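Colleague: Listed below are the residues making up each chain.
Number of protein chains: 2
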Amino acid sequence: MGLIVQKFGGTSVGSVEKILNVAYRVIEEKQRGHDVVVVVSAMGKSTDSLVALAKEITEQPSSREMDMLLTTGEQVTISLLTMALQNKGYDAVSYTGWQAGIETENIHGNARITNIDTAKLKERLNEGKIAVVAGFQGVTAEGEITTLGRGGSDTTAVALAAALKADKCDIYTDVPGVFTTDPRYVKTARKLAGISYDEMLELANLGAGVLHPRAVEFAKNYQVPLEVRSSTEKEAGTLIEEESSMEQNLIVRGIAFEDQITRVTVCGLASGLTTLSTIFTTLAKQNINVDIIIQSVTGTSKTSISFSVKTEDLKRTVEVLEEYKDALDYEQIETENRLAKVSIVGSGMISNPGVAAEMFAVLAEKNIQVKMVSTSEIKVSTVVNEGDMVKAVEALHDAFELSKQTAVI
Amino acid sequence: MGLIVQKFGGTSVGSVEKILNVAYRVIEEKQRGHDVVVVVSAMGKSTDSLVALAKEITEQPSSREMDMLLTTGEQVTISLLTMALQNKGYDAVSYTGWQAGIETENIHGNARITNIDTAKLKERLNEGKIAVVAGFQGVTAEGEITTLGRGGSDTTAVALAAALKADKCDIYTDVPGVFTTDPRYVKTARKLAGISYDEMLELANLGAGVLHPRAVEFAKNYQVPLEVRSSTEKEAGTLIEEESSMEQNLIVRGIAFEDQITRVTVCGLASGLTTLSTIFTTLAKQNINVDIIIQSVTGTSKTSISFSVKTEDLKRTVEVLEEYKDALDYEQIETENRLAKVSIVGSGMISNPGVAAEMFAVLAEKNIQVKMVSTSEIKVSTVVNEGDMVKAVEALHDAFELSKQTAVI
Numbered sequence: 001m002g003l004i005v006q007k008f009g010g011t012s013v014g015s016v017e018k019i020l021n022v023a024y025r026v027i028e029e030k031q032r033g034h035d036v037v038v039v040v041s042a043m044g045k046s047t048d049s050l051v052a053l054a055k056e057i058t059e060q061p062s063s064r065e066m067d068m069l070l071t072t073g074e075q076v077t078i079s080l081l082t083m084a085l086q087n088k089g090y091d092a093v094s095y096t097g098w099q100a101g102i103e104t105e106n107i108h109g110n111a112r113i114t115n116i117d118t119a120k121l122k123e124r125l126n127e128g129k130i131a132v133v134a135g136f137q138g139v140t141a142e143g144e145i146t147t148l149g150r151g152g153s154d155t156t157a158v159a160l161a162a163a164l165k166a167d168k169c170d171i172y173t174d175v176p177g178v179f180t181t182d183p184r185y186v187k188t189a190r191k192l193a194g195i196s197y198d199e200m201l202e203l204a205n206l207g208a209g210v211l212h213p214r215a216v217e218f219a220k221n222y223q224v225p226l227e228v229r230s231s232t233e234k235e236a237g238t239l240i241e242e243e244s245s246m247e248q249n250l251i252v253r254g255i256a257f258e259d260q261i262t263r264v265t266v267c268g269l270a271s272g273l274t275t276l277s278t279i280f281t282t283l284a285k286q287n288i289n290v291d292i293i294i295q296s297v298t299g300t301s302k303t304s305i306s307f308s309v310k311t312e313d314l315k316r317t318v319e320v321l322e323e324y325k326d327a328l329d330y331e332q333i334e335t336e337n338r339l340a341k342v343s344i345v346g347s348g349m350i351s352n353p354g355v356a357a358e359m360f361a362v363l364a365e366k367n368i369q370v371k372m373v374s375t376s377e378i379k380v381s382t383v384v385n386e387g388d389m390v391k392a393v394e395a396l397h398d399a400f401e402l403s404k405q406t407a408v409i
Numbered sequence: 001m002g003l004i005v006q007k008f009g010g011t012s013v014g015s016v017e018k019i020l021n022v023a024y025r026v027i028e029e030k031q032r033g034h035d036v037v038v039v040v041s042a043m044g045k046s047t048d049s050l051v052a053l054a055k056e057i058t059e060q061p062s063s064r065e066m067d068m069l070l071t072t073g074e075q076v077t078i079s080l081l082t083m084a085l086q087n088k089g090y091d092a093v094s095y096t097g098w099q100a101g102i103e104t105e106n107i108h109g110n111a112r113i114t115n116i117d118t119a120k121l122k123e124r125l126n127e128g129k130i131a132v133v134a135g136f137q138g139v140t141a142e143g144e145i146t147t148l149g150r151g152g153s154d155t156t157a158v159a160l161a162a163a164l165k166a167d168k169c170d171i172y173t174d175v176p177g178v179f180t181t182d183p184r185y186v187k188t189a190r191k192l193a194g195i196s197y198d199e200m201l202e203l204a205n206l207g208a209g210v211l212h213p214r215a216v217e218f219a220k221n222y223q224v225p226l227e228v229r230s231s232t233e234k235e236a237g238t239l240i241e242e243e244s245s246m247e248q249n250l251i252v253r254g255i256a257f258e259d260q261i262t263r264v265t266v267c268g269l270a271s272g273l274t275t276l277s278t279i280f281t282t283l284a285k286q287n288i289n290v291d292i293i294i295q296s297v298t299g300t301s302k303t304s305i306s307f308s309v310k311t312e313d314l315k316r317t318v319e320v321l322e323e324y325k326d327a328l329d330y331e332q333i334e335t336e337n338r339l340a341k342v343s344i345v346g347s348g349m350i351s352n353p354g355v356a357a358e359m360f361a362v363l364a365e366k367n368i369q370v371k372m373v374s375t376s377e378i379k380v381s382t383v384v385n386e387g388d389m390v391k392a393v394e395a396l397h398d399a400f401e402l403s404k405q406t407a408v409i
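Here the protein sequences come in this chain order: A and B. Numbering-wise (UniProt numbering), the first sequence opens with residue 1 and increments by one. Numbering-wise (UniProt numbering), the second sequence opens with residue 1 and increments by one.
By construction, these hints were calculated from the structure, which means they are not laboratory data. If you're wondering where the values come from, they're calculated on a predicted model, not measured in any experiment. One should not assume that every hint holds.
[To be verified] A few chain A residues that face chain B, going by a derived Cβ cut-off under 10 Å, partial list only: (1) 20; (2) 43; (3) 47; (4) 48; (5) 65; (6) 72; (7) 81; (8) 87; (9) 99.
[As the list claims (entries may be wrong)] Pulled from the structure, derived: some chain B residues nowhere near chain A, Cβ distances all over 10 Å: (10) 75; (11) 78; (12) 183; (13) 185; (14) 230; (15) 265; (16) 270; (17) 274; (18) 311; (19) 312; (20) 333; (21) 374.
All residues carry an ideal CB built from backbone N, CA and C; glycine is no exception.
Starting from the given sequences, assemble the full structure and let the hints guide the process.
Modeller: Structural data, given as C-alpha cells:
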C-alpha cells in the first residue's frame, strides 16, 4: 500500500489501443492496493500536427500562443485515458496542469515548476480515485498557461511524486530500461538493474534520451526513486536512486554517444582575461549550446579556443561569431565536421583515477584518434571521427566488461 | 468607437485559410477604431473527430471527460487565430473559457453561464489588445471545465457582449443573414434587414438553425443588439433587436419548417386531472422533446392525447410509453410518420387576429390537410404531410408577400 506516480510518454499513448493498454498498467497498480497518479503526454504525433498547423499560420508563432495550442494535446490524452479507466469500472478523474495545481514561472515554452498545490489531488486520492494529470503543462500565478519544455512530462511526474511524497515514480517508455549503451548499435548492451541519479544525469545529458536531465535532477533533489520501464513488457526496468543500494563494484556504468558533432576553433584571439566569457556569453545569448571547451595557450599574446557544438547549430554559430568579429577580436574560424562524442559514465570513477587513461588506451589500440577530451568526476567524454564512433563504443563496452552483470540490487 | 463582440462558428474557422480570412474580418473592425473581442468555435469537423476518438474508447463516456476532451477544440482555434492576428502586426491574446472568467453551473455537457468576471478582458481591451476567447466553454466555482451545450459559442458571444456592455454582437456564419424562409427551398426567400428578438426566438426554436435560441434569449434579456452576417461576404446581415426600429408593417416576418415529424396519439386514457402531467413528465425525464400537444375530449370518461416528436425520437418515445403503460393506464398508441411542421412567425400577429385563419385558407386552397395546430402570440404552427411541406411554405411565402421588402430600418 503506497502512492505510485506513473508516467506514460507520447509513444505509449499514441493510439486508442495503446491508451487501453496504459489503462491496464494503471489498473494493475490500483489492484495491488496502491493509490495511483498517472501523468501522460500528448498522443504520439499529435504535437507535431499542432506545430504544423501553427507553421501554416506563421513561421514565428508567439511562445504564449504555442503553449495555448500545444497544451491541448495532453488534455485530449487525459480525458481519453480517464474514459478508458471509467469504462473498466474504476473511479478516475482527469486534471489539466492548472487544475492539478502545477504552478510555474511566467515563461512560455520552457517554464520551471515553482510550486505544486496538491490539495485537490490529495482529496481525490483519499476518495480512492485514480488521478490522471496532463504532463508538460502548468499555470502561472497570473493564470497564464505554460509548458515545461522538452522532457516536460517526465518533470511533471517527478515533481508530483516529490510533492505528494510518493513511494515511487515509474517512467513508462518504449524501451525496457536504461542500458549500458544503445542496444541498437551494440548487441551486447545490457539493461541495468540500477543506476545512481548522478550517473543517470550524465547519461541523460549525454543524449541517452530515456529520461530528461531536468527530471533526473528533480528526482535527485527530492530523493524520488524512479524506475524506467517498458509500457508494453511486464519485466522490471531500471531503478534510479541514491548510490547505496546499487551494483557498487562497477567502475563504468554506461557508455553514451552522439554523432553530428562539429568542432569550432576560433584562432588568434587576444588572450585577455575576458576572452572566454565574451565568446561564450555571446553564443549563450543566441541560445547556442556549447559542449566541450578547450583553450590552448600558444605561448604568444594570441590564443585559440576550440569547442564542440551540434552540427545543426554550426551555421548559426559561425554567423554569431562573424557578427561579433570586431568585439571578439580574432583572426579566423576553423571548423571540423563529421565528429562524434563518446562518453563513459560511472560513479566508480571517483575512486579510480586510471579510468580515463584506460579509455584512451583502448581507443589508441583500435587506432581511434581522440580529438577533444572533457572529464567530470563520474564521466570522461571524447570526441572522435564519426566513422569511429560505433567501433569506439563497442571496444569500450568490451574493455569495461559492461555486458557482464556484476552485482544485483 | 465602440466595443464589438464577433463570433465565428466552426465552418468559418474550418481551415487555416478560413482562420486567416477571419483574422481580416477582425482587423477590419479594429481598423474602424473599435475594441474587439472575438469568440470562436472549434475548427470545422474537429469536434466530430474528438467524439469519434471517445467512442473508440467507450460507448458512454462520462460527461465530465467529454467536456475535458471537447474544450481542446476551441483552444486550438483561439491560439491559431491569435497567431494569425499577431502575424499581421496586431496585438492579440487568447483566452480559454476559464481564463476569460466565464463561470457556469456545475453541470457537464450543458451548463448555463452564471457569471462572467470581465476584469482580465477589460484590462486587455484597455491596453488596446484584441481578445480572442474560446466559445462553448466555462468553468465552475470548483474549477471544473464545463461546456455550454448546443449553440454554446453563440451564447458565449452574447453573454460576453452583455457583460462587457458591448455596442454590438456580430454572429458570423455561413449564411448571409436571417431569411423569410429557407432559400434552399423557396427561391423568392428574402434576407431580412431586421427582426425582433421574439420573432427570432420563435424562428430559432422552429429550426431555422442560424442562431441558438438560448443565445437569442440571452440577447433579449440583456438587450444586446445582434447581427447575423456572412463570414465571407461583406454585405450587411440581419439585425436582431427590439421591435421599435423595424419593418413595422410586416405581419408575418418569416416561415420556418421542419420535416421528419411524427404524431403520436395515446388513446383511451383515463381522463384524470394528472393524466397530462404524468405522460409528459415521464417523457421529459427520458429527455424526449415533445412539441405540439393536443388533447381531444371524446365525451366519455376516456380521452386521447396527441403530440408531435422528431421522428428520430419515436422509437424511444414508444419504448418509454410502453414501459409505463400500467402507470399511464391507456388503451393503445397510434403513430403517424412522414409529417412536417410549417410555422409562420411575426410580431404583427398580436394585433391581427385573422392571421391564423388566413394561413388555414391558403393551405386549404392548395389542398393541404392540416393535421395539428399550435399557436402563440407571434406564431402559428401547423403539422402537414411531409410531401406538402415545400408547397405549403411557398404558398404562405407568396400569400403573406414575404418576398417584398415593405420597409427598411
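Colleague: Does each hint fit the structure? Answer for all of them.
Modeller: Tested hints:
{"no.": "1", "hint": "20", "result": "7 Å, holds"}
{"no.": "2", "hint": "43", "result": "9 Å, holds"}
{"no.": "3", "hint": "47", "result": "12 Å, violated"}
{"no.": "4", "hint": "48", "result": "14 Å, violated"}
{"no.": "5", "hint": "65", "result": "4 Å, holds"}
{"no.": "6", "hint": "72", "result": "4 Å, holds"}
{"no.": "7", "hint": "81", "result": "9 Å, holds"}
{"no.": "8", "hint": "87", "result": "4 Å, holds"}
{"no.": "9", "hint": "99", "result": "6 Å, holds"}
{"no.": "10", "hint": "75", "result": "5 Å, violated"}
{"no.": "11", "hint": "78", "result": "7 Å, violated"}
{"no.": "12", "hint": "183", "result": "34 Å, holds"}
{"no.": "13", "hint": "185", "result": "37 Å, holds"}
{"no.": "14", "hint": "230", "result": "23 Å, holds"}
{"no.": "15", "hint": "265", "result": "40 Å, holds"}
{"no.": "16", "hint": "270", "result": "43 Å, holds"}
{"no.": "17", "hint": "274", "result": "39 Å, holds"}
{"no.": "18", "hint": "311", "result": "31 Å, holds"}
{"no.": "19", "hint": "312", "result": "25 Å, holds"}
{"no.": "20", "hint": "333", "result": "35 Å, holds"}
{"no.": "21", "hint": "374", "result": "41 Å, holds"}
Consistency with the previously given hints fails for numbers 3, 4, 10, 11, ordered from lowest to highest.
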